[in-house]
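Engineer: Listed here are the chains, written in short residue letters.
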Amino acid sequence: MNAMIAQLPVLLIVVPILGALLILLAGKVKRAFAYPVTLATIGFQFTASLILLWSVVDGGTIRYYVGGWPPPMGIELVLDAFNSFILVVVLALALLAAVWAREGATLDIPPEKTVSFFVVFQLMVTGLAGMTITGDLFNLYVFLEISSIAAYTLVASGRSARALIAGFNYLILGSIAAGFIVLGIGYLYVATGTLNMGELAVMLPASYGLATVHAAFLFLMIGFSIKVAFFPLHLWLPDAYTESPSVVTILIATATSKVTAYAMIRVIFSVFTPQYITESFPVTDVILIIAAIAIIAGAVLAIAQDNLKRMLAYSSISQMGYIMFALGVANQVALEGGLLHIMAHAVMKGCLFMVAGMIIYRTGYTAISQLAGLSRTMPITCAAFALAGASMIGIPPTIGFMSKYYLVLGAVEASQYLAAAVLLIGSLLAAVYIWRVIELMYFGDTHGNDLHSGREAPLSMLVPALILAGACLILGLFVDIPLEVIGPAVTVLLGGS
Amino acid sequence: MIEDMFALFLTRYNYWMAIILMLIGLYALIAKQNLVKKIIGLNIFQTAIFLFYISFADVSGGTAPIYTAEGTSALYVNPLPHVLMLTAIVVGVSITAVALSLVVRIYQEYQVIDEDGLLEVMRRP
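Protein chains in written order, with my numbering: chain A, 310 to 806; chain B, 314 to 438.
You may find that some hints are simply not true.
Some chain B residues close to chain A (C-beta under 7 Å, calculated; not the full set) [what the hints assert, rightly or not]:
| id | residue |
| --- | --- |
| 1 | ILE353 |
| 2 | LEU355 |
| 3 | ILE362 |
| 4 | PHE369 |
| 5 | ASP371 |
| 6 | VAL396 |
| 7 | VAL406 |
| 8 | SER407 |
| 9 | LEU415 |
| 10 | ARG418 |
| 11 | TYR420 |
If you are wondering where the hints come from, they were derived from the structure by calculation, not from laboratory data. None of these values were measured; they are calculated from a predicted model. For each residue, glycine too, the CB sits at the ideal point set by N, CA and C.
Build the full structure now, drawing on both the sequences and the hints.
Structural biologist: Shown next as structure tokens:
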């Protein structure tokens, strides 16, 4: 059993890659076989991630040398308190999205395409898992591209022809971002002669004064900012989220954006160091200002939307601003809030996009104005939306409140009172765009509006959404449980042991 | 001053070439209307990065990194960036394949492959 656990980090990558081939083979035999294999593989990944988190909490950082080659020759997989936590969050979301996909995929994916859809879906999850656990910078780029290429394909597989254009634009911007990231990695290699993150962190401080290192930092930051859709570089996001199939939106909005944010934080804090971004190359103030603009601008743009999925997409831009805000403040409390918000946002945005998908599944409505009186026919769906929405606004005792509370505490601790005010304004604006939907759902007059089949969505879609809505509340009430993992994770980031 | 710049250009011309190619690629990505030309721009952009990696790994007078007989030594170029670029080329090819197939599908759907045309088609209800 222990030997098995020792091999788990690499199995987390190898099994799903083989699984993707197996899905293809199973789909060739009979189309209906593809889905169970996908579910089993992602289920395996999730179980493995739970075991890994447990052994990391129990026994400290796990290092795995791929092929038995120790770094700097070989590639290293590293699991510490930070990324094992992200891994569990991301794979839990991927698993719920896969469960949701049983019925949800039929909404946008023509039956003859389901097999290839699940193959690409599986590859994307594999790429994300790889990005999370790798300890090698170039390997990070390779996994980033595996998941990104899969994402371009999945976005373009939407039913409307506009999805093709959204996918194409995403591909162009994503590839430019990837190009910048490789270039940054190349500069770091020139400066140090290694690609291992741990070694880079040791060797880089000697060359902090070099323009090469500054250029590397900027290239990496711009690249990752495009990938996470950090405010002025977000242009691919609204179309991609709106036009792609609902299942894909759930996966991209939760898993992909969170893993990319993780990678960015990892590069800033574990390859470069907190000293670098505060002293050698002071960028925290700039990040803070842009994050504040992102929070406000994303929320204002969200208020202006009538398409439910597009509104949630702009809200994502605003919420990513909160995570970047934590990087800008960069103290213990704010970073705890930021990591908590990575989980919180994944959970609540996953739930909201699932609800948006279920509404489309049952009624075909995409516009917010069409949702009037929906609570009469889909009460459970609307309740899930209300709960996750409350978390999005930050009403206690939900998880969204707890993460924003820590962010505000961190900002106040760093004497950034103006920035703390921005967080509160962001919450107020979130209340405007979320409440508008809730009000229409519950108190809107149907005006004889034909709400089609007055039924709830199928159970396989409803249950994942309810689990996430429940998680918003339960994680908020028992916030100590995630904080027990996040506390050590932040200490790792800030350079403690 | 100007002579210094010129010397800097001449001694580091490989990096300058990579940067110039990269900017040509970026220009094509931003300014070209035709989607296929955008993909060509993307390819030029990626190739510039490959060349950057390959050229910084070079050692003047170096030979191929092949195992030499016991006791002898040879000056050889750094093989790692070259291997990395093999991976990056595979990534580039996959991206090009996906991009081209998207353009084919867009053309089947709208009968246009330039941005202005697409905007016009999409404005129609």
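Engineer: Take the shortest C-beta to C-beta distance between SER407(B) and chain A; is it under 7 Å?
Structural biologist: The hint holds - SER407(B) has a Cβ within 7 Å of chain A, the shortest such distance being about 5 Å.
Engineer: Mind checking the CB of LEU415(B) against every CB in chain A and telling me if the closest is under 7 Å?
Structural biologist: holds, 5 Å
Engineer: Once the shortest beta carbon distance from PHE369(B) to chain A is found, is it less than 7 Å?
Structural biologist: Holds, about 6 Å.
Engineer: Was the hint right that VAL396(B) lines chain A, CB cutoff 7 Å?
Structural biologist: violated, 10 Å
Engineer: Taking the closest Cβ pair, is LEU355(B) under 7 Å from chain A?
Structural biologist: holds, 6 Å
Engineer: Take the shortest C-beta to C-beta distance between TYR420(B) and chain A; is it under 7 Å?
Structural biologist: violated, 10 Å
Engineer: Could you check if ILE362(B) really has its C-beta closer than 7 Å to a C-beta on chain A?
Structural biologist: holds, 5 Å
Engineer: Any CB of chain A closer than 7 Å to the CB of VAL406(B)?
Structural biologist: violated, 11 Å
Engineer: With chain A as the partner, please determine if ILE353(B) meets the hint condition of a C-beta pair closer than 7 Å.
Structural biologist: With a closest approach of 12 Å, the ILE353(B) hint is violated.
Engineer: Does the CB of ASP371(B) sit less than 7 Å away from some CB of chain A?
Structural biologist: violated, 12 Å
Engineer: Checking hints one by one. Is ARG418(B) an interface residue toward chain A, by the C-beta closer than 7 Å rule?
Structural biologist: holds, 5 Å
The structure is inconsistent with the numbered hints 1, 5, 6, 7, 11, although it conforms to all the rest.
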